Amino acid sequence: MRLWLLPVLACVFAQAGAPAWAADAPPGASSCTGCHASVKIADSVIPHIAGRKAAEIVAAMGAYRSGAWPSSVMGRIAKGFDDRQTAAIAAWFAARPE
Amino acid sequence: MATRRALLKGAAALSFAPAIAMAQGTGAGRVVVIGGGFGGATAARTLKALAPRLDVTLVEPNAVYTSCPYSNGVLAAVREMSQQQFRYDGVRRAGVTVAQTSATAVDASARTVTLADGNRLSWDRLVMSPGIDINWTALPGYDEAAAQKMPHAWKAGAQTVLLRRQLQAMDDGGLVVMSAPANPYRCPPGPYERASLIAYWLKTWKPKSKLLLLDAKDAFSKQRLFQNAWTQEYPGMIEWVPLSKGGAVTSVDPSALTFVTDFARHKAAVANVIPPQKAGAIAALAGVADRTGWCPVEPVAFESTLRPGIHVLGDAAVMGAMPKSAFAANAQAKVCAAAIVDLLAGRTPVDPILINTCYSLVAPDYGISVAGVYRPDKGVLAEVPGAGGVSPLDVVGGYRGQEALYADSWFRTITGETFG
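In the order they appear, the protein sequences are chains A and B.
Take 1 as the starting number for the first sequence in my numbering and just add one per residue.
Take 1 as the starting number for the second sequence in my numbering and just add one per residue.
Derived from the structure by calculation, the hints contain no laboratory data.
Check before you lean on any hint, since a few could be wrong.
[Stated by the list, open to error] Computed from the model, here is a short list of chain A residues facing chain B with C-beta under 8 angstroms:
| # | residue |
| --- | --- |
| 1 | SER31 |
| 2 | ILE41 |
| 3 | SER44 |
| 4 | VAL45 |
| 5 | SER72 |
| 6 | VAL73 |
| 7 | LYS79 |
| 8 | GLY80 |
[As the list claims (entries may be wrong)] Keeping only pairs whose Cα atoms sit at most 25 angstroms apart, straight-line, the calculated SDA-like set for lysine to any residue is:
| # | chain 1 | residue 1 | chain 2 | residue 2 |
| --- | --- | --- | --- | --- |
| 9 | A | LYS40 | B | GLN85 |
| 10 | A | LYS40 | B | GLN83 |
| 11 | B | LYS245 | B | GLN223 |
| 12 | A | LYS40 | B | ASP408 |
| 13 | A | LYS40 | B | ARG412 |
| 14 | B | LYS378 | A | ASP83 |
Since we're looking at a predicted model, the values are computed, not measured.
Where a beta carbon is used, it is the ideal one built from N, C-alpha and C, also for glycine.
Using the sequences provided together with the hints, build the complete structure.
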């Protein structure tokens, strides 16, 4: 009985403070949250991307990569991802809770 | 003896069979994480988020973590120590058991960690993120007693406060001498950010003072950006002496606050020795550090190439082209946690892509950055060609100010993502 209960309780408690993660994050996505926080941070100059439309993220990455939009590190980072990888990351962030 | 060892090994294998069987498919299992910094705290929280039924214990002796990133701002009196400090309440809220004690031994074949409080923890996977220790045998004259006179302040906390106090007590016109080590070491641009921010503080409060930076290297991270900024912001204040001009410090004399090179003796009013380093001491005890003092790992799950079942993260590990930074440790921890969940479930982790981003402040409103993208290639993490690089040398408008604002926001993000 106790053996059965413990994992269930652990499950319930784990929901409270754990970061919003899913096991299906495509390669590269988990690094993004080092700057783009998984929860909204007041007054941050770094845009919150969780819950943004995938097409918007893809367009932004393309503009950073081409240099059409000036940026700090994003132009240098966007060049490390091809269209397929970028689309997968964008779709994953779009599916995160805002 | 051999028979007895074989028997013990057999017994150990038997006792782990149920745990591994349980782990497969159900998302259960036991993971111990040693070290509660940017790598370890992130790994522990991410493991619980990905697999809530995992039993995750974080072993960390300090109740409060003091962040090295941004601690150079404390030296320049633009930040207070309290802004550098983070507790583990958010890690506990994520469902992680925090054992506030040190790990004293790791048995890789029995799969146990022995703790200073006498307890022993069993694990299916062990994550080690022990950070750095000072290599006290590498620089003659520099030992723990010497660090009270010539602070390193390369592990933030009491050493940071000591160095700040010494700077504030120095007479105007005094010479601050710093030494920077050969690669590899924690935070490649850190010594140069520190020189910049100390110069910023001197310019305001002790404008007749100068800073001498003795370097065991001929080149460093973001070099042109730093040197251009020094010329512009602190003309005549910072003298950098590279290896080829006699910059390598061969010994120190703490009683005379003196740095000795092959060519000269430099007496300081305030002395900051950034000494040679190695992986945190528990890494050698666990057998995951090699003769260099650092920990070789494979580039997908960061599993030790010396001790299977043990994963090493952050500054302690040899991560190919990826530098030793807080951002890198956090990124590696998230990849490692996902890989461990896969491995416990009997799946093969896919090749990851990792990013590093590092901002340095030359002044509180003047930031510069480096970024890189990394993926496994021929057994190591290699840079993705065509990506990454440093801030442009020539910029218009408020670019440097904007990068300083990004640095501030980054610090708030990374500490929130790590500690909850």
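Evaluated hints:
1. Restraint check, SER31 of chain A versus chain B: the minimum CB separation of about 4 angstroms is within 8 angstroms; hint holds.
2. Nearest Cβ of chain B to the Cβ of ILE41 of chain A: about 6 angstroms, under the 8 angstroms cut. The hint holds.
3. Below 8 angstroms, beta-carbon pairs count as interface contacts, and SER44 of chain A has one with chain B at about 4 angstroms; its hint therefore holds.
4. Interface hint status for VAL45 of chain A: upheld, as the beta-carbon distance to the closest one in chain B is roughly 5 angstroms, under 8 angstroms.
5. At a threshold of 8 angstroms, the smallest CB-CB gap from SER72 of chain A to chain B is about 5 angstroms, leaving the interface hint in force.
6. Interface hint status for VAL73 of chain A: upheld, as the beta-carbon distance to the closest one in chain B is roughly 4 angstroms, under 8 angstroms.
7. Restraint check, LYS79 of chain A versus chain B: the minimum CB separation of about 4 angstroms is within 8 angstroms; hint holds.
8. A distance limit of 8 angstroms between C-beta atoms decides the matter here; for GLY80 of chain A the minimum to chain B is near 3 angstroms, and the interface restraint holds.
9. With a C-alpha separation of about 21 angstroms, the suggested pair LYS40 of chain A and GLN85 of chain B falls inside the 25 angstroms cut-off, and the hint holds.
10. Distance hint between LYS40 of chain A and GLN83 of chain B is fulfilled; the C-alpha atoms sit about 20 angstroms from each other, no more than 25 angstroms.
11. The hinted pair formed by LYS245 of chain B and GLN223 of chain B meets the criterion: a straight-line CA distance of about 16 angstroms does not exceed 25 angstroms.
12. Among the hinted pairs, LYS40 of chain A with ASP408 of chain B is consistent with the structure: their alpha-carbon atoms are about 15 angstroms apart, no more than 25 angstroms.
13. Distance restraint check for LYS40 of chain A and ARG412 of chain B: the Cα-Cα separation of roughly 11 angstroms lies within the 25 angstroms cut-off, and the hinted pair is therefore satisfied.
14. Distance hint between LYS378 of chain B and ASP83 of chain A is fulfilled; the C-alpha atoms sit about 24 angstroms from each other, no more than 25 angstroms.
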